Amino acid sequence: MLEIADLHARAGGKDILRGIDLVIKPGEVHAIMGPNGSGKSTLANVLAGRESVEVTRGTVRFAGRDLLALPPEERAWEGVFLAFQYPVEIPGVSTMYLLKAGLNAIRKHRGEPELDAMEFLALVRDKLKLVEMDQAFLNRSVNEGFSGGEKKRNEILQMAVLDPKLAILDETDSGLDIDALRIVANGVNGLRNPQRSMLVITHYQRLLNYIVPDRVHVLSGGRIVKSGGKELALQLEKEGYAWIDTRADGGVKPAPAPTR
Amino acid sequence: MDRHPRGRRRQAGTGANPLKTTKRKRVSGGKGPASGKRAIAAKRAAIDTPTPGTNAETAPWLSAFAALEHDGWLRRDRWTAPLRRAALDRFAALGFPTTRQEEWRFTSVAPIARVPFRPQAAYQPNGLTPEQFERFTFEPWECSHLVFVNGYFAPELSTLRSMPDGVRVMSLAEALRTQRDAVAPHLGRLAGTDVNTNVFAALNTAFMQDGLFMEIPAGVAVDEPIHLLFVSSPHGRDLASCPRNLIVAGPGSQAAIVESYVNLDDGARYFTNAVTEIVVMQGAGVDHYKIEREGPAAFHVATVQAHLARDSRLASYNVSIGGALVRNDINVVLDGEGAECRLDGLYTLSGSQHVDNHTLIDHARPHGTSHELYKGVLDGRSRGVFDGRIIVRADAQKTDAHQVNKNLVLSEEALVDTTPRLEILADDVKCTHGATVGQLDEDALFYLRSRAIGQEAAANMLMQAFVSDVVHRIKIAPIRAGLECLLFTRLPREHRREAHT
Numbered sequence: 001m002l003e004i005a006d007l008h009a010r011a012g013g014k015d016i017l018r019g020i021d022l023v024i025k026p027g028e029v030h031a032i033m034g035p036n037g038s039g040k041s042t043l044a045n046v047l048a049g050r051e052s053v054e055v056t057r058g059t060v061r062f063a064g065r066d067l068l069a070l071p072p073e074e075r076a077w078e079g080v081f082l083a084f085q086y087p088v089e090i091p092g093v094s095t096m097y098l099l100k101a102g103l104n105a106i107r108k109h110r111g112e113p114e115l116d117a118m119e120f121l122a123l124v125r126d127k128l129k130l131v132e133m134d135q136a137f138l139n140r141s142v143n144e145g146f147s148g149g150e151k152k153r154n155e156i157l158q159m160a161v162l163d164p165k166l167a168i169l170d171e172t173d174s175g176l177d178i179d180a181l182r183i184v185a186n187g188v189n190g191l192r193n194p195q196r197s198m199l200v201i202t203h204y205q206r207l208l209n210y211i212v213p214d215r216v217h218v219l220s221g222g223r224i225v226k227s228g229g230k231e232l233a234l235q236l237e238k239e240g241y242a243w244i245d246t247r248a249d250g251g252v253k254p255a256p257a258p259t260r
Numbered sequence: 001m002d003r004h005p006r007g008r009r010r011q012a013g014t015g016a017n018p019l020k021t022t023k024r025k026r027v028s029g030g031k032g033p034a035s036g037k038r039a040i041a042a043k044r045a046a047i048d049t050p051t052p053g054t055n056a057e058t059a060p061w062l063s064a065f066a067a068l069e070h071d072g073w074l075r076r077d078r079w080t081a082p083l084r085r086a087a088l089d090r091f092a093a094l095g096f097p098t099t100r101q102e103e104w105r106f107t108s109v110a111p112i113a114r115v116p117f118r119p120q121a122a123y124q125p126n127g128l129t130p131e132q133f134e135r136f137t138f139e140p141w142e143c144s145h146l147v148f149v150n151g152y153f154a155p156e157l158s159t160l161r162s163m164p165d166g167v168r169v170m171s172l173a174e175a176l177r178t179q180r181d182a183v184a185p186h187l188g189r190l191a192g193t194d195v196n197t198n199v200f201a202a203l204n205t206a207f208m209q210d211g212l213f214m215e216i217p218a219g220v221a222v223d224e225p226i227h228l229l230f231v232s233s234p235h236g237r238d239l240a241s242c243p244r245n246l247i248v249a250g251p252g253s254q255a256a257i258v259e260s261y262v263n264l265d266d267g268a269r270y271f272t273n274a275v276t277e278i279v280v281m282q283g284a285g286v287d288h289y290k291i292e293r294e295g296p297a298a299f300h301v302a303t304v305q306a307h308l309a310r311d312s313r314l315a316s317y318n319v320s321i322g323g324a325l326v327r328n329d330i331n332v333v334l335d336g337e338g339a340e341c342r343l344d345g346l347y348t349l350s351g352s353q354h355v356d357n358h359t360l361i362d363h364a365r366p367h368g369t370s371h372e373l374y375k376g377v378l379d380g381r382s383r384g385v386f387d388g389r390i391i392v393r394a395d396a397q398k399t400d401a402h403q404v405n406k407n408l409v410l411s412e413e414a415l416v417d418t419t420p421r422l423e424i425l426a427d428d429v430k431c432t433h434g435a436t437v438g439q440l441d442e443d444a445l446f447y448l449r450s451r452a453i454g455q456e457a458a459a460n461m462l463m464q465a466f467v468s469d470v471v472h473r474i475k476i477a478p479i480r481a482g483l484e485c486l487l488f489t490r491l492p493r494e495h496r497r498e499a500h501t
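As they're listed, the protein sequences go chains A and B. Heads up: the first sequence begins at 1 in the numbering used here, then just goes up one per residue. Heads up: the second sequence begins at 1 in the numbering used here, then just goes up one per residue.
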């Protein structure tokens, strides 16, 4: 599904990613954990195609295609979805309008007929239940005046509607209280299937109690310094990130201890 | 939208008089030294005295007037002759404005002044058919459409539906001939008040051709809007047209008037110089729409002058889409207690278009309210000017005035000058103003693209969203829909070019 090899990237004049290698197979859920500044969000942005991040070396193949050669919208057409850490407020554009335009662009790309307003509404109503959202959300401007929890639920709703092959969840748990976290996690779990891969980026192990990953990777200094099963997350929870750095090679600078 | 422009911004400081606020922002989309070089010196050119243009510029107009006079043009409405001659004299004395004059410092009318434009002497049907105007009538919009071709009423192209009893609707030319008693007390009284500085209004008064005369008696509400379609079809001549409208809304009456300015010969050079006078009597309400869709080489200057009596209301919508060089002056005097005006404006510019909107809201009496929202989208090398002057006179206590001008600059070379001018002479008032110039929000653009929406569609969506609040204020549904459609098909074209650079 996703093959990342020797990926280096720069943003804001700094080298952030310094050689990422990662393979995710169809249906697998991988978690990326790491301290602040380790490059987690940069990795998510590179995969989604943000232009302010410059790839300096390496390759990313997605479903057999060179992902890095595609603009962001074409990545979405191919089935890449990024749930943003900080969803953007877009006054004047309704969630309904955004989602219908997005879904129909994907359907057009797949050679499927576009959905009309009624068909779209039927589809999206079904998905609203998944994240326990009211239909009134659809007519509001995208994320405008939404609470933190509403924004994150809106991200999962969009993921449900756009039906991606690879979902990247960038700190979807940040800023959520326990109820919102449960709703978001239930939504994500409802979307797990043998064809859909997920990359769950998080600072904390808490989210992984709800979304149980197949593999856990620890990112530090722009590299994956350790990989393991879901038990690795528990170890990180118990021991913090400090111990990782002692095992990382010399070029990695010490990361701050996690704050809880 | 991004509130933090990348471009340079310079502001002239607040004047020494604490009651007088003049801030000027000039921002281009660019961040390179080129835009910096074009930025103004903070020093204000305090030259308010008109400098007469050269005789060479006024001479063609004077000889055009003499020729019309010789041909008996003035005989149709002989009583206006003194008014016309006096206006022509003022025009000759003042000459075309120059950029040394404060009101014109960002807009040079030299391109207009150097062409010997000629007004047409009478209506010529030109073989036009209603089908040619269909795209300009906001179909399916059932209302009265009055068509004016090159400044003159075209009865065979127009449809006038039934009006409530007592409402007078006719072409101004006819009113000048037959309704002198109704017209004379108002004609030129409003546009005439500032004629010492408004040369173009004087020029219009001298040459005024035709337009709408509408008089609504007390207490009558005209539910259906009246659409005035001013068509220019110059056929290669350097044609000038001088439309003139007079709307007199009696006490407690209601009406909505829509002016559209369009052309049929794309690419032809011509000049529209329009004046609309609106008298809003006690407790009356008028909605006035002006939708400028002139041709790409057209010059368009227009003055809307409104006088509001006690407890009356005016809503002005000023949309500029076409034209090479456009100047609008919207002047409103709130001359009665509790009067209210709302000025909404929208301009979408591309190529080398230049659009200058000057608004003047004169709060002369207490308890007046004014709300102003002008928004612009600028692409290419276009240039936008907004100058919003609000006067609150010493007598106008409890005035509530708000002004906002927001601009979205899509290219490096587009430029905006925005100047709020508040002159507050009363001490118990609420006045706010704000101006922004920004680019498309990159984060929002990326967000939309990550949701499978193509770059051009995403940019277009954001532009639509930017202007949506102004568009949604338009109460006439077919116009609102028509404008959304126009903006949708028009905005992205140039953005595509920008996006790929």
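Calculated directly from the structure, the hints in this document are not laboratory data. Misleading hints may appear alongside valid ones.
To be verified - Calculated from the model, a selection of chain B residues having no Cβ within reach of chain A, i.e. all distances over 10 Å:
#1 D165
#2 Q282
#3 D335
#4 A364
#5 E442
#6 L448
#7 S450
#8 G454
Unchecked claim - With the Cβ distance kept under 10 Å, some of the chain B side facing chain A (calculated, not the full set):
#9 L74
#10 V220
#11 A221
#12 D223
#13 Q439
#14 A444
#15 F446
#16 A458
#17 S468
#18 A477
#19 R480
#20 E484
#21 C485
Just so we're clear, the structure is a prediction, and the values are computed from it rather than from any experiment. The C-beta atom is built at its ideal place from N, Cα and C for all residues, glycine as well.
Going through the hints against the structure:
1. D165: Answer for D165/B: holds, closest chain A Cβ roughly 43 Å.
2. Q282: 38 Å, holds
3. D335: The assertion about D335/B holds, with a minimum of 36 Å to chain A.
4. A364: Given that every Cβ of chain A is farther than 10 Å from that of A364/B, nearest at about 36 Å, it holds.
5. E442: About 8 Å separates E442/B from the closest Cβ of chain A, which leaves it inside 10 Å; violated.
6. L448: About 7 Å separates L448/B from the closest Cβ of chain A, which leaves it inside 10 Å; violated.
7. S450: 5 Å, violated
8. G454: 5 Å, violated
9. L74: 52 Å, violated
10. V220: Check failed: Cβ of V220/B comes no nearer than 37 Å to chain A, outside 10 Å.
11. A221: Violated, because the Cβ-Cβ distance from A221/B to chain A comes to roughly 32 Å (cut-off 10 Å).
12. D223: 30 Å, violated
13. Q439: 14 Å, violated
14. A444: With a minimum Cβ separation of about 5 Å from chain A (threshold 10 Å), the hint on A444/B holds.
15. F446: 6 Å, holds
16. A458: Holds: closest Cβ of chain A sits about 8 Å from A458/B, inside 10 Å.
17. S468: Holds, about 4 Å.
18. A477: 19 Å, violated
19. R480: Not OK, violated: R480/B not within 10 Å of chain A, min 14 Å.
20. E484: Constraint on E484/B not satisfied, violated at 12 Å.
21. C485: 16 Å, violated
Of the hints listed earlier, those the structure fails to meet are numbers 5, 6, 7, 8, 9, 10, 11, 12, 13, 18, 19, 20 and 21, in rising order.
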